[in-house]
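Colleague: Residue numbers (this note's numbering), protein chains in the order written: chain A, 1 to 217; chain B, 1 to 217.
Rather than coming from a laboratory, the hints here were simulated on the basis of the structure.
If a hint is listed, it holds; no wrong ones were tucked in.
Put simply, identical chains are the same to the list, so a pair is met inside one copy or across any two.
Using 20 Å as the maximum straight-line C-alpha spacing, the simulated SDA-like pairs for lysine to any residue come out as follows: (1) K119 x R138; (2) K46 x A148; (3) K119 x R131; (4) K46 x R149.
Protein chains: 2
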Amino acid sequence: MTITITAFERSPDGGKGLARDTRVRWALEEVGLAYDVRLVSFRAMKEPAHLALHPFGQIPTYEEDDLVLFETGAIVLHLAQRHSGLLPGDANARARAIAWTFAALNSVEPPVLDLVTAKIVERDQPWAQDRLPLVIDRIRQRLVQLAARLGDAEWLDGAFSAGDLMMASVLLRLRPSGILSEFPSLAAYVARGEARPAYQRAFAAQWAINGAAPQAG
Amino acid sequence: MTITITAFERSPDGGKGLARDTRVRWALEEVGLAYDVRLVSFRAMKEPAHLALHPFGQIPTYEEDDLVLFETGAIVLHLAQRHSGLLPGDANARARAIAWTFAALNSVEPPVLDLVTAKIVERDQPWAQDRLPLVIDRIRQRLVQLAARLGDAEWLDGAFSAGDLMMASVLLRLRPSGILSEFPSLAAYVARGEARPAYQRAFAAQWAINGAAPQAG
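Pulled out of the complex, with its shape left as it was, chain A reads as follows (with noise of 0.2 Å):
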């Protein structure tokens, strides 16, 4: 089996493990896959043999023989159900664990994504400043639920599992902001996750092409 992902010739965060590759790699790193990495430019997201295989020309994309996918919660859903280590045996407990994996890009993100669109995307617009602080207090809602529901346990619900490892990454992205540290325990949490030996493989292979480059534009 081959197996081949794609990421970004030179990623937006200068190597923070910020771009959605990252998941995709630490999920391989914690079934214990090897992969190859066809880094891809921004330019080249959009042409036609990218978008064959991803219909947004967006990263990363997951080649496994004659199998393409895209969506990083597909590609981490679908390594984590053919391989071990990403999910529970018990049946309803894997249900749950697949719950908090939709839960993370479906019910955290997108207010952490809004705040991206907020900064950057219309950092110029007039509204930019006023509506900032209506951004940050939707995404504070999303993470004092969160928080609630963590409690003082060390993952979501029972053992590390593919739920854990994007809810993570999801928070992740919360770090530069600040938000992230007014919620100890959930900053705690990203800890844990980052101290995993696969998280760490993960992030220095990403490193290794982002970090050291010059950032794009």
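Given the coordinates of chain A, work out where chain B should sit on it, guided by the hints.
Modeller: Frame of chain A, contents of chain B only:
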């Protein structure tokens, strides 16, 4: 096996079927499972009994004997994986159908929900009118890409799947805005979804609750 889902006591859409319980009802009808519904008020959704089922205080939830799930994507995927009718038999085709489920929720729905934020949550903000075209443009960008991938196919990847169920459900939210009708092939795709007997039963079931009742403030 006893299945119970939760739904709005009064859906804010007044019976258009856009609340997320309709997606779960549709999946249950496609796989041929009977279910009970427990209606919850907006106030009850934020109280401890409901938060124990859904950490973000929303609907739907899904209870199946001693399994409790939240997140519509996870519930639909759980049904699709345990029962026939929503995923193809071939392993790679299954993974691709699951990818479309994530794509609907993660790549298409976030800009669609941003329209709700812009039109309703932020409607009284001074930037509301000026910001709206940006929000709509982001939706159009996604729909151009989605229409390009769909082409003249009936469904996104072979036979109707959970991915189509979710994508059609997400696109349905755009019909009231008029944006869906700008993309005739996607409008026809959604209409094919709505024409399915399972969708018709799901819609009728939510209409019986929401359509006749007076709308909430």
